[in-house]
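J.: Using the sequences plus the hints, can you model the full thing?
Residue 0 is where the sequence shown starts when you use numbering that gives the first Met the number 0, and the numbers rise one by one after that.
Everything labelled a hint here was simulated from the structure, so no lab data went into it.
As the structure is a prediction and not an experimental result, all values here were calculated from the model.
Built from N, CA and C at the ideal position, the CB exists for glycine as well.
Be aware that a few hints might be false.
Said to hold, decoys possible - With a Cα cut of at most 25 Å, we get these calculated BS3-like pairs of lysine-lysine:
no., residue 1, residue 2
1, K190, K217
2, K217, K95
3, K163, K39
4, K144, K163
5, K190, K205
6, K190, K17
7, K39, K205
8, K17, K217
9, K17, K95
10, K190, K95
Claimed, not checked - Label-pair restraints from in silico Cβ distances:
no., residue 1, residue 2, range
11, S165, D59, 29 to 37 Å
12, A42, R193, 28 to 36 Å
13, E129, D195, 35 to 43 Å
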Amino acid sequence: MARRFLFSDESGDLTFTKGPNISRYFAVGTLVIDEPELRKLRATLAALRDELAFRNHGLDSYFHATDDPYDVRQAVFGVLSSLDFQFDVTLLEKSKAQPHVRQDDATFFRYAWYYHLNWIAPRIFDPNDEALIVAAELGTKKTRKAFRGAIDAVLTQCISYRVKRSLAFWPCASDFALQAADYCTWAVTRKRERGDHTYFDMIQSKIRYEYDLWAAGKTHYY
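T.: Structure (structure tokens):
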């Protein structure tokens, strides 16, 4: 029996039209790590935050890839490249989603999580493992309730009943592992959305599974 930790992040919006500042993809990314490595990740990123603060960087926020300046990003990705974890990501090109898949945000969210976990869960968790699944808190209280229900349903479908699991929603600012998941998901989606491989290349060795769910699809619904 082992304790396994899965920290998740989503990237992209749930707006199903084309326009400026609207993402092409929605992505679910998960960082999988064991307990000793998790302690090291937290300690290492905490030390980096302190060092950056002494150099007058990152004084007003937590690590967040979208908002962080270049020097902070470089430092964080440099640290992540040295740590021991696995990262998996599933991408959904939103314009290829059939209308019933995107009838509401919770439905689309559930589809994204299902196709992601259906592949990775059997490869992560063994019977009798203890699993803590931590999702980044997002949206309003009503939205979080719907998303929690969606993830709960997917966990029941995709993870063996013999795995003892707990689901938590924590603010991204509260845990360095969530911030690491944010960074990894951002690097993959930046490569997809902008063709910028800079940061992806720094953590490519950590990425086990990058799956474009509807890559073979030809029909766009908007």
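J.: What are the numbers of the hints the structure violates, in ascending order?
T.: Of the numbered hints given earlier, the structure breaks none, since each of them holds.
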